[in-house]
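Trainee: The chain contents come next:
There are 2 protein chains.
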Amino acid sequence: MLGLMQDWPLTVDKILDHAKTWHGHREVVTRTVEGPIVRSTYAEIHDRAKRVSNALKGWGVKLGDRVATLAWNTHRHLECWYGIMGIGAVCHTLNPRLHPDQLAWIINHAGDKVIFVDLTFVPMLEGIMSQCKGVERVIVLTDDWNMPQTRLPRADCYERVVREQSGECAWGGFDENTACGLCYTSGTTGNPKGVLYSHRSNFLHMLIGLQADVLATSVRDTILPVVPMFHANAWGVTFGAPAVGAKLVLPGPKLDGASIYELLESEKVTYSAAVPTVWQMLLAHLQAGRLKLSTLKRVTIGGSACPESIIRTFWNDYGVDVVHAWGMTETSPLGTTGTLTPEVAALPFEQQLPTRLKQGRAPVGVELKLCDDAGNRLPHDGKTQGRLMIRGLAIAKAYFRGDGGNILDSEGFFDTGDVATIDPNGIMQITDRAKDVIKSGGEWISSIDVENIAMGHPKVELAAVIGIHHPKWDERPLLIIKTRPGETLTKDEMLDFLKGKIAKWWTPDDVVFVDDIPLGATGKIDKKVLREQFKDYRWPAPEPAET
Amino acid sequence: MLGLMQDWPLTVDKILDHAKTWHGHREVVTRTVEGPIVRSTYAEIHDRAKRVSNALKGWGVKLGDRVATLAWNTHRHLECWYGIMGIGAVCHTLNPRLHPDQLAWIINHAGDKVIFVDLTFVPMLEGIMSQCKGVERVIVLTDDWNMPQTRLPRADCYERVVREQSGECAWGGFDENTACGLCYTSGTTGNPKGVLYSHRSNFLHMLIGLQADVLATSVRDTILPVVPMFHANAWGVTFGAPAVGAKLVLPGPKLDGASIYELLESEKVTYSAAVPTVWQMLLAHLQAGRLKLSTLKRVTIGGSACPESIIRTFWNDYGVDVVHAWGMTETSPLGTTGTLTPEVAALPFEQQLPTRLKQGRAPVGVELKLCDDAGNRLPHDGKTQGRLMIRGLAIAKAYFRGDGGNILDSEGFFDTGDVATIDPNGIMQITDRAKDVIKSGGEWISSIDVENIAMGHPKVELAAVIGIHHPKWDERPLLIIKTRPGETLTKDEMLDFLKGKIAKWWTPDDVVFVDDIPLGATGKIDKKVLREQFKDYRWPAPEPAET
Chain C
4 MLGLMQDWPL TVDKILDHAK TWHGHREVVT RTVEGPIVRS TYAEIHDRAK RVSNALKGWG
64 VKLGDRVATL AWNTHRHLEC WYGIMGIGAV CHTLNPRLHP DQLAWIINHA GDKVIFVDLT
124 FVPMLEGIMS QCKGVERVIV LTDDWNMPQT RLPRADCYER VVREQSGECA WGGFDENTAC
184 GLCYTSGTTG NPKGVLYSHR SNFLHMLIGL QADVLATSVR DTILPVVPMF HANAWGVTFG
244 APAVGAKLVL PGPKLDGASI YELLESEKVT YSAAVPTVWQ MLLAHLQAGR LKLSTLKRVT
304 IGGSACPESI IRTFWNDYGV DVVHAWGMTE TSPLGTTGTL TPEVAALPFE QQLPTRLKQG
364 RAPVGVELKL CDDAGNRLPH DGKTQGRLMI RGLAIAKAYF RGDGGNILDS EGFFDTGDVA
424 TIDPNGIMQI TDRAKDVIKS GGEWISSIDV ENIAMGHPKV ELAAVIGIHH PKWDERPLLI
484 IKTRPGETLT KDEMLDFLKG KIAKWWTPDD VVFVDDIPLG ATGKIDKKVL REQFKDYRWP
544 APEPAET
Chain L
4 MLGLMQDWPL TVDKILDHAK TWHGHREVVT RTVEGPIVRS TYAEIHDRAK RVSNALKGWG
64 VKLGDRVATL AWNTHRHLEC WYGIMGIGAV CHTLNPRLHP DQLAWIINHA GDKVIFVDLT
124 FVPMLEGIMS QCKGVERVIV LTDDWNMPQT RLPRADCYER VVREQSGECA WGGFDENTAC
184 GLCYTSGTTG NPKGVLYSHR SNFLHMLIGL QADVLATSVR DTILPVVPMF HANAWGVTFG
244 APAVGAKLVL PGPKLDGASI YELLESEKVT YSAAVPTVWQ MLLAHLQAGR LKLSTLKRVT
304 IGGSACPESI IRTFWNDYGV DVVHAWGMTE TSPLGTTGTL TPEVAALPFE QQLPTRLKQG
364 RAPVGVELKL CDDAGNRLPH DGKTQGRLMI RGLAIAKAYF RGDGGNILDS EGFFDTGDVA
424 TIDPNGIMQI TDRAKDVIKS GGEWISSIDV ENIAMGHPKV ELAAVIGIHH PKWDERPLLI
484 IKTRPGETLT KDEMLDFLKG KIAKWWTPDD VVFVDDIPLG ATGKIDKKVL REQFKDYRWP
544 APEPAET
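For the protein sequence lines, the chains are C and L, in the order given.
For the first sequence, the numbering used here gives the first residue as 4, with consecutive numbering after it.
For the second sequence, the numbering used here gives the first residue as 4, with consecutive numbering after it.
Since the hints were made in silico from the structure, they are not lab data.
Please note that the accuracy of each hint is not assured.
Any copy, or any two copies together, can satisfy a pair, since identical chains are not distinguished.
To be verified - Restricting the straight-line Cα-Cα distance to at most 16 Å, the calculated cross-link-like pairs of lysine to aspartate or glutamate (EDC-like) are:
| hint | residue 1 | residue 2 |
| --- | --- | --- |
| 1 | Lys400 | Asp10 |
| 2 | Lys295 | Asp50 |
| 3 | Lys527 | Glu414 |
| 4 | Lys372 | Asp20 |
| 5 | Lys300 | Asp159 |
| 6 | Lys485 | Asp418 |
| 7 | Lys504 | Glu490 |
| 8 | Lys257 | Glu478 |
| 9 | Lys300 | Asp320 |
| 10 | Lys65 | Asp452 |
Small disclaimer: the values here were computed from a predicted structure and weren't measured.
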């Protein structure tokens with residue numbers, strides 16, 4: 004027997020409809036690519052998004068067609084999102100930080116018919132367009148005054164397109180499982196793979212994020228998502244803000260400390276979300292100028308592990324509550340958040356820190372498990388490391404066009420590629436990437452743990468640990484150090500520093516010093532390149548001491 | 004093209020699974036019907052709910068079968084809920100405050116096969132059981148020691164049933180639109196009608212409620228739902244608390260001020276939800292004993308309009324934030340909540356009060372409109388009264404067994420039977436019940452507004468306003484007053500009191516004094532009975548003054 008409740012498909016067009024009807028006057032403020040701050044409202048965003056829909060329909064874009072954006076966080080990008088998704092086309096967010104050849108590969112793989120592009124990225128797109136035969140039309144996200152001369156095919160100016168269309172257009176009316184968004188993973192192994200979000204998964208993910216224990220965003224917040232809209236849906240913020248009618252502040256292309264600070268203060272931002280490097284830049288700017296944060300209250304940090312110093316400085320010096328979050332493109336992305344349990348919340352701040360550094364707890368709708376390499380479940384004892392597997396209402400079940408084949412285990416869980424522990428209170432901590440963990444004598448050594456401790460040495464700028472084949476132990480850790488400019492450091496100094504801070508058998512068997520450590524597109528150490536660089540490395544003779 | 008996200012049906016068994024896995028040790032504390040406080044955990048609730056499922060399966064209960072509960076808010080009732088719903092049977096919550104004959108009618112209409120009953124209600128059930136031939140089995144929610152002698156059919160003791168079953172049982176695996184819960188409306192006109200919730204609607208309603216702008220419940224909360232589980236899903240709290248892993252405190256049968264106060268303090272409750280009368284009893288207890296509230300921070304009030312004095316006293320004397328909510332059985336029930344917009348939050352408390360007295364804003368997933376009697380949309384100007392219509396992801400589309408026929412308008416909205424205004428900020432205020440509003444010369448007079456002002460007179464205990472036929476104006480308001488014990492009041496005194504507080508043409512044309520005013524099952528004034536009592540009333544001669 005079925006229930007007798009209304010059929011109300013979970014499609015994301017309803018989110019902007021809601022914002023227009025109930026929060027139509029609420030502001031959306033953008034630092035534009037052209038420079039000036041532009042003030043809009045949800046009612047205007049809604050009207051202009053409908054015009055984008057009409058333009059797309061005029062160009063023959065249909066349900067399921069892919070339409071790409073190559074853009075910063077701006078009101079125009081937001082209008083494109085809802086304009087594309089509202090008619091059941093798929094909004095494919097391109098990551099401009101990728102190599103142009105990779106971008107071309109992705110555009111072709113996705114089969115993008117139309118691309119909306121920011122001025123910043125016009126030259127890059129011009130450079131690859133001859134490789135992208137399927138792209139029928141490129142719209143430059145600017146006004147007539149700033150429209151460049153360009154050899155992009157059938158290029159048009161966004162403001163002209165918007166101006167000439169009607170604001171009347173029917174949205175929705177399709178299955179809630181219809182594809183809604185497409186985002187490619189950065190692809191550290193093999194080609195990038197596309198994650199195809201559905202309207203339902205985005206809507207549900209938005210509701211998950213609005214919980215008091217997740218992002219906790221409210222109509223009383225002013226939200227500045229520094230995290231890009233091309234980076235896993237801006238962590239859901241650009242759905243969640245209109246859903247609650249929160250004022251939205253979009254930083255455009257300027258993500259440096261001074262620019263972000265200016266927006267935080269002038270627009271009275273209360274909540275923001277970004278990767279750690281953004282906050283490091285902001286803190287440096289604050290400290291250099293002895294500045295204050297007048298309105299910022301909460302910050303979500305994700306994308307990579309957050310250094311303790313950021314969390315402590317934000318709290319002690321600025322009264323800002325930093326909440327760690329973990330997720331990935333395949334998880335929409337919210338997997339866990341570090342909002343505190345009552346037991347931890349009752350502790351003094353310094354005693355909260357070890358927990359605040361962990362990635363946090365799974366909300367309802369997200370299921371986690373730890374497995375060994377054979378797929379057996381491992382205990383949640385806070386000590387046992389295992390492969391982190393995830394299942395839930397907004398988790399990928401396959402990649403676009405079937406790439407990578409079946410990606411779920413027999414219980415329907417997706418392998419995150421992370422190695423983690425989960426403690427008895429359900430608090431998860433990432434200890435490594437599965438491909439980076441060092442398997443020594445049947446036990447796992449977390450390369451990240453060793454790196455984090457090595458990074459604590461005042462002379463170290465960057466530290467990386469990789470596993471190197473060892474005849475007896477299978478693998479042993481090699482520590483690779485880039486010292487700060489002008490500093491020198493010896494192997495013995497470094498090993499002395501580690502002593503007592505890590506288990507003896509985790510101690511690297513050698514330390515090498517390099518001029519630079521390769522970073523990937525998202526600013527993380529590129530261990531694939533590093534392993535390639537060290538593929539001919541041999542342990543010093545005599546054999547490393549037994550551990 | 005469909006998205007490539009995991010299939011994860013929204014079924015409520017996953018909520019308790021989540022609580023068991025991630026918050027298994029969190030307490031569920033009950034004041035039992037037998038008297039003692041009993042401490043349990045989500046892990047234990049989960050285990051015992053599975054035993055209930057196994058018992059039901061043993062008795063032949065199948066997908067879609069109705070299983071009733073006639074019970075207070077207790078851990079056992081919670082176990083029954085999840086035990087019933089987990090196997091796809093329908094949990095039918097019976098309201099013990101109904102007349103026994105009406106209860107019998109409902110049991111038969113629902114086709115309940117099994118009833119779980121609290122000790123309190125065994126005599127009532129014994130009295131009607133001969134009328135309920137379809138009930139195969141009655142389980143008394145108690146232990147062996149307290150099991151009564153009873154002539155209920157195939158009666159068994161709950162603790163014995165639970166003890167003898169296994170805690171292993173597969174839950175879920177059915178369509179998310181499967182019926183999950185059944186709750187009858189109190190039925191002020193005609194027979195009661197059944198609202199048949201689905202797993203999907205309950206799960207989505209739970210997510211709506213967890214938003215920071217709705218109930219905002221968190222793992223850091225200790226939640227005491229005074230609102231009964233038989234009253235529209237306890238406003239979703241008994242789904243939301245395990246979903247976030249909040250400690251739950253269940254008050255059992257004792258809802259008086261002293262008993263609630265004892266639990267609030269001893270269990271360190273931070274959040275509670277109840278109808279205004281409960282809070283009036285609590286405040287009276289607090290004031291009489293000069294007591295303090297040590298931990299309570301937030302209270303949601305719904306079910307009927309909340310008197311200003313409750314909101315003010317809670318805030319000024321106890322630092323408790325009262326949030327108004329509005330909904331009904333057909334809306335799962337959350338329709339609107341009064342969490343503040345930033346503009347109102349910035350005002351001093353006294354200036355917030357007019358807004359805090361309103362019913363609040365609709366969250367995403369709830370759509371409201373105002374219509375005139377012909378179904379035309381009316382403006383959101385804060386002044387125009389109209390029929391309040393509602394559509395959304397957890398709103399009824401029909402009643403059980405098709406009673407009442409089609410209940411949606413051409414746009415799919417349900418008529419709430421309320422009359423309301425909506426202001427330009429989206430804040431809704433109920434002004435009357437559609438059947439109680441007084442239609443005078445083509446305009447609508449809110450009986451509730453006049454009553455609320457009349458209730459402000461210190462000598463008035465209860466005030467009711469009904470429309471009486473008038474030869475010229477169609478209807479005019481009659482004010483009916485019950486004075487406080489020992490007080491006397493005249494018509495002129497009363498009308499003088501109203502002068503300047505309401506529009507002149509809203510002024511009642513007569514005031515009559517009565518010994519008592521009839522109340523319905525939910526404690527509200529029963530205007531149906533009142534209209535019947537005054538059906539022969541005639542306006543005093545000469546005709547009432549023109550207005």
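Trainee: Next step is simple, just say for each hint if it's right about the structure.
Mentor: Each hint tested on the structure:
no.: 1; hint: Lys400 <-> Asp10; verdict: between (25 Å within a copy, 8 Å between copies)
no.: 2; hint: Lys295 <-> Asp50; verdict: neither (37 Å within a copy, 52 Å between copies)
no.: 3; hint: Lys527 <-> Glu414; verdict: neither (31 Å within a copy, 51 Å between copies)
no.: 4; hint: Lys372 <-> Asp20; verdict: between (37 Å within a copy, 14 Å between copies)
no.: 5; hint: Lys300 <-> Asp159; verdict: neither (41 Å within a copy, 55 Å between copies)
no.: 6; hint: Lys485 <-> Asp418; verdict: neither (32 Å within a copy, 69 Å between copies)
no.: 7; hint: Lys504 <-> Glu490; verdict: neither (23 Å within a copy, 80 Å between copies)
no.: 8; hint: Lys257 <-> Glu478; verdict: neither (43 Å within a copy, 65 Å between copies)
no.: 9; hint: Lys300 <-> Asp320; verdict: within (12 Å within a copy, 28 Å between copies)
no.: 10; hint: Lys65 <-> Asp452; verdict: neither (49 Å within a copy, 52 Å between copies)
Checked against the numbered hints given earlier, this structure breaks hints 2, 3, 5, 6, 7, 8 and 10; the rest are met.
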